[in-house]
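One letter stands for each residue in the lines below.
There are 2 protein chains.
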Amino acid sequence: MTKRTEISELGEFGLIQRLSQGNTQHSDTIKSIGDDCAVIDTKLLKTLVTTDFLVEDIHFDLSYTPLKHLGYKAVVVNVSDIYAMNGTPKHITVSIAVSNRFSVEALEEIYAGIYLACENYGIDVIGGDTTSSPKGLIISITAIGEAAEDKIVYRNQAKEGDLICVTGNLGAAYLGLQILIREKQVYLEDPYMKPEITEENSYLIERILKPEAKKKIIEYLKTENILPHAMIDISDGLSSELMHICSQSKVGCLIEEKEIPIDQTAYDQAMKFNLDPTVCALSGGEDYELLFTIDPKEREKIIQNEGISIIGVITKPEDGLKLESRGGNTFDLKAQGWVSF
Amino acid sequence: MTKRTEISELGEFGLIQRLSQGNTQHSDTIKSIGDDCAVIDTKLLKTLVTTDFLVEDIHFDLSYTPLKHLGYKAVVVNVSDIYAMNGTPKHITVSIAVSNRFSVEALEEIYAGIYLACENYGIDVIGGDTTSSPKGLIISITAIGEAAEDKIVYRNQAKEGDLICVTGNLGAAYLGLQILIREKQVYLEDPYMKPEITEENSYLIERILKPEAKKKIIEYLKTENILPHAMIDISDGLSSELMHICSQSKVGCLIEEKEIPIDQTAYDQAMKFNLDPTVCALSGGEDYELLFTIDPKEREKIIQNEGISIIGVITKPEDGLKLESRGGNTFDLKAQGWVSF
Numbered sequence: 132m133t134k135r136t137e138i139s140e141l142g143e144f145g146l147i148q149r150l151s152q153g154n155t156q157h158s159d160t161i162k163s164i165g166d167d168c169a170v171i172d173t174k175l176l177k178t179l180v181t182t183d184f185l186v187e188d189i190h191f192d193l194s195y196t197p198l199k200h201l202g203y204k205a206v207v208v209n210v211s212d213i214y215a216m217n218g219t220p221k222h223i224t225v226s227i228a229v230s231n232r233f234s235v236e237a238l239e240e241i242y243a244g245i246y247l248a249c250e251n252y253g254i255d256v257i258g259g260d261t262t263s264s265p266k267g268l269i270i271s272i273t274a275i276g277e278a279a280e281d282k283i284v285y286r287n288q289a290k291e292g293d294l295i296c297v298t299g300n301l302g303a304a305y306l307g308l309q310i311l312i313r314e315k316q317v318y319l320e321d322p323y324m325k326p327e328i329t330e331e332n333s334y335l336i337e338r339i340l341k342p343e344a345k346k347k348i349i350e351y352l353k354t355e356n357i358l359p360h361a362m363i364d365i366s367d368g369l370s371s372e373l374m375h376i377c378s379q380s381k382v383g384c385l386i387e388e389k390e391i392p393i394d395q396t397a398y399d400q401a402m403k404f405n406l407d408p409t410v411c412a413l414s415g416g417e418d419y420e421l422l423f424t425i426d427p428k429e430r431e432k433i434i435q436n437e438g439i440s441i442i443g444v445i446t447k448p449e450d451g452l453k454l455e456s457r458g459g460n461t462f463d464l465k466a467q468g469w470v471s472f
Numbered sequence: 132m133t134k135r136t137e138i139s140e141l142g143e144f145g146l147i148q149r150l151s152q153g154n155t156q157h158s159d160t161i162k163s164i165g166d167d168c169a170v171i172d173t174k175l176l177k178t179l180v181t182t183d184f185l186v187e188d189i190h191f192d193l194s195y196t197p198l199k200h201l202g203y204k205a206v207v208v209n210v211s212d213i214y215a216m217n218g219t220p221k222h223i224t225v226s227i228a229v230s231n232r233f234s235v236e237a238l239e240e241i242y243a244g245i246y247l248a249c250e251n252y253g254i255d256v257i258g259g260d261t262t263s264s265p266k267g268l269i270i271s272i273t274a275i276g277e278a279a280e281d282k283i284v285y286r287n288q289a290k291e292g293d294l295i296c297v298t299g300n301l302g303a304a305y306l307g308l309q310i311l312i313r314e315k316q317v318y319l320e321d322p323y324m325k326p327e328i329t330e331e332n333s334y335l336i337e338r339i340l341k342p343e344a345k346k347k348i349i350e351y352l353k354t355e356n357i358l359p360h361a362m363i364d365i366s367d368g369l370s371s372e373l374m375h376i377c378s379q380s381k382v383g384c385l386i387e388e389k390e391i392p393i394d395q396t397a398y399d400q401a402m403k404f405n406l407d408p409t410v411c412a413l414s415g416g417e418d419y420e421l422l423f424t425i426d427p428k429e430r431e432k433i434i435q436n437e438g439i440s441i442i443g444v445i446t447k448p449e450d451g452l453k454l455e456s457r458g459g460n461t462f463d464l465k466a467q468g469w470v471s472f
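Top line first, the protein sequences correspond to chains E and F. Under our numbering, the first residue of the first sequence carries the number 132, and numbering increases by one thereafter. Under our numbering, the first residue of the second sequence carries the number 132, and numbering increases by one thereafter.
Relax, there's no trap hidden among the hints.
Incomplete in silico selection of chain E near chain F, CB under 10 Å:
no., residue
1, 168
2, 181
3, 259
By construction, these hints were calculated from the structure, which means they are not laboratory data. Where is the CB? At the ideal position from N, CA and C, for every residue including glycine.
Could you build all of it, start to finish, from the sequences and the hints given here?
Here's what the structure looks like:
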């Protein structure tokens, strides 16, 4: 039988002590959990800061989200933002509000995922806050990273003629989510129905439940001495992120539909759902791939990395944001990112 | 008539644009809101990081908390943690989750309080996240500050013989809260009853609804070249904070009841409620005063500042944590800090 310890048995300090096992990996973590603040030695580098909220029933549904995966993902979405600046994530604070529906063991599952992600990405948990909530589970993580000033990549420096690159593949997370929503519906209608989660679609489900940030790509760019002009991570869908880069850089773009990387499993699943795979890639979101623009002289280095696709080119601002379809027609790109409200 | 704009009319990006007016005051804020991360130049100083959750119906009750005060307080509680390390607060990220019960104007009220606190304490808002919540209002703020390494004051360096100092006065916030709870009860029982919030108790209510952090004390210590050995801010009550310092520093303490600073209004109000004013000071919490220990040779400088009281002395660890009462008896100090769960 699984043990259930009530949070009230431990109290706030007991809980913090039990959950914060301490995982200091960096010598620049001067002080971690246990004082009014954590202390970091950033030396001569610049400090990068990003924060994200994960709210139950808004950002995740616990009926199909394992708690360990949730903790893992909560770290990854923040780490991804640090990579999107071409930085190195080093530290996070973790704040969690939970109702008494959750046991201490449930919280430990979330933290197991958090610490696993921290191990994989080389991050120290340096602080946080744990409190009760009248309803549901809310996780707020702030990630702190570092970068040399001349290596930081913003969204606003894309140049006309730049090649537009994207890592990995797009749309898979969205299709994974559609499978989970369908299976939940099936389960609600008939709890004895066997869920249709097969070996083929397990990849799609992993993409939504346990995404990874693109650490290796950032390392590759560094090794190859490629500094993107503009970069962003794809959390809301390709269209929405292209719009951010183009509007902040005051440029246009032309994307070739046939170059947008879509995994075969995702393509097949889209067909089964009667969805257009390209629309899933453009508007699906939650892929946590990187979108960046580079000087065309870097083309040779980029095409050697199988994890990067060149999907288009940066154009003049007056050309707008365009997609050239497989059939050779040109359409306006529309952002249909994820709407929280 | 007050205008009510639905959050859904603006959407997430529109909302962020409307709320993030931008308030960059520091040249070290290289990049604020509008990219994947904010970028800070910490130069040769160390970075201090702290975070706090404020959850509706756990940490505040909107039936008697004005939204602007709430925003103000959410900043102050974090700033107070930076001062408690003897640091200078410089930057915050602000994440807010709200249900659709809140209008855009309500969110603007919260932000008005946030920006007012930022103005008063010299802080730049550099990022955040705004999302919907299925129920209630949740604010998560992370504050980032800086300090020279040799000026940072931890909790674990109190020495035997140190004088124990406390700023301002204690117990007032707790008594203010008791008044608000009583008035809410009166209102719920009879909405036509006039609330008994008088000029005398308005100070107590201000202490709970709109606390201030001890910026001037930190400046005084710096001017007078006093470096405390240990310091903490009093958020959970004096007893609880003394326990943190003593257990982390492996020392004992002896507090004199008659030296604990209690405002006359707080004293009178405690009497009206049949409460012991000393117990309110020891266990009340939410005062956001500073508790610190100093070398006895600094006594002359400390007593010149009316905002600081010397309330006792650090003793040997085997002496334990003691309170000497007005009557000359000695009692064990017990922590009865605020219990969230």
